[in-house]
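There are 2 protein chains.
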Amino acid sequence: MSYQQKVRDAWKKNNSLLCIGLDPNQKKFPSHINSIFEFNKQIIDATADLVCAFKPQMAYYSAQNAEKDLLETIKYIKNNHPQILVILDSKRGDIGATSEQYASEAFDRFKADAVTVNPYMGHDSLVPFLEREDKGVIILCKTSNKGSSDFQDLLIDDEPLYLHVARKCVNDWNKYKNINLVVGATNPNELEKIRKLAGDTPLLIPGIGTQGGDLQSVLKSGLINNEGLFISSSRSIIYADSSKNFAQAAREEALKLHHQINSWRNENVK
Amino acid sequence: MSYQQKVRDAWKKNNSLLCIGLDPNQKKFPSHINSIFEFNKQIIDATADLVCAFKPQMAYYSAQNAEKDLLETIKYIKNNHPQILVILDSKRGDIGATSEQYASEAFDRFKADAVTVNPYMGHDSLVPFLEREDKGVIILCKTSNKGSSDFQDLLIDDEPLYLHVARKCVNDWNKYKNINLVVGATNPNELEKIRKLAGDTPLLIPGIGTQGGDLQSVLKSGLINNEGLFISSSRSIIYADSSKNFAQAAREEALKLHHQINSWRNENVK
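Those sequence lines, one after another, are chains G and P.
Under my numbering, the first sequence has 20 at position 20, and the numbering climbs by one with no breaks.
Under my numbering, the second sequence has 371 at position 101, and the numbering climbs by one with no breaks.
Note that these hints are calculated values from the structure, not bench results.
Here a beta-carbon is modelled for each residue, glycine too, at the ideal position from N, C-alpha and C.
A portion of the hints provided could be inaccurate.
Mimicking EDC-like on lysine to aspartate or glutamate, the simulated pairs with C-alpha atoms at most 20 Å apart in a straight line are [claimed, not checked]:
| no. | chain 1 | residue 1 | chain 2 | residue 2 |
| --- | --- | --- | --- | --- |
| 1 | G | Lys146 | P | Asp394 |
| 2 | G | Lys27 | P | Glu462 |
| 3 | P | Lys416 | G | Asp124 |
| 4 | G | Lys28 | P | Asp378 |
| 5 | G | Lys68 | P | Asp378 |
| 6 | G | Lys68 | P | Glu337 |
| 7 | G | Lys28 | P | Asp404 |
| 8 | G | Lys168 | P | Glu370 |
Which stretches of chain G does chain P cover? Using the computed rule of at least three CB atoms under 8 Å from a CB of chain P, they are [what the hints assert, rightly or not]:
| no. | region |
| --- | --- |
| 9 | 2-16 |
| 10 | 42-56 |
| 11 | 90-96 |
| 12 | 102-110 |
| 13 | 133-147 |
Extracted from the complex, chain G is given alone in its bound form:
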């Protein structure tokens, strides 16, 4: 099945554009939780009917010697919720021969449906990912952090670098229509420009929640055909509560966001 079709199915499954980031930090776990997989499993069980995707952030697993938990987590999601996408957020990118190894890490070892990558090294650094026709390649375009202005906003022929990145990705490199872009929720104006340029390319939007992005601006600027987005929230959902009820609290936060997103979509359609 094409990646495009997988994305459509994922949005449809729970009528949801919500993506929950699985950024497990053992220091923040409720005291009765003994493993990263156990933490993730409870979050997944509590929220899988509300999301289109789960997005494990690789850095947390790498720092904590927890590749096994990541593997178990992804297997658990795919076994129990095959239509929900797994986006491995690892922001890889290297010379071609090395990127082949990173593509293998994401797709063969961890069996993710999509992976985030960094465009700085250019086309050949992304080819090994792009050639996996049935997998998603989610390329950093305009990120949600303050430092994103350092280089991404620099003007080249009167246009910021991030628009040059968007254009190359969408117009030149998207043979298998498996490119998506990362656009921070903290930049609604930029999001509007990228949406205009990128047509119906799916956009992954981190930065809602802890990072302070405004949901309504994101939906207003980013929706296309009333879909087209992965709206991602991590810490404000998974750490909503640190008691025994953390998973239920995560569900309540996720439900709130899911409702907010879909209320706007329903009004927008009318």
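On the provided structure of chain G, position chain P as indicated by the hints.
Frame of chain G; chain P shown alone:
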């Protein structure tokens, strides 16, 4: 000890600017080699008196489920050759909270002396690395691959992006003098411009060997005070031979490159 001092000590130890990349691919191993660590160990034993640094390429370990071998490899180098630098080549970079995890991956888990990182997300994405005063942060500037021209060469105020990256890194972000830059051996003109701008900042130069970079141009443009470089070669050394004598063959290739580099340096001094 400061990172700057560690670098000087590493260059001095074997009077060498040579860095050997440890990019182990089990498919290319001689048939009598049973593990990645065993392969690396033999390469290290055969070449440690010729180098200033070893540079394990993370992607190979990640793709092959070999974090344990990476850990053993780095421990083996540091136990037996404490002055030789270990550069973890992983090209990381993410929002601050996530980069903290990646800094922990490189420096706490794997105990590398330095790590390669990607500048696209800007300053705050690098701060968690930069704050490790005794560790090196080797930032991609102008890379050795063909696609490096896609974005790194775009002109901003008549200057390519990679020079803007170099300037910010060296002038604004280098509080602890622990920034180094990656500059591909395949771009000697660009190397010259970067060297002018970056003063005595150490430059990591991949692309000699398999990627076709010209050593003499690199030395001519890149040396400062007759040092200032990590000249990195991976595949053309470690896969020089696929027989039982692979480690000896690797030594011979490394010795050749070491001699070529030092002959030039000696002539240059006269």
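**Item:** Ascending list of hint numbers which this structure does not respect
**Value:** 2, 7, 8, 9, 10
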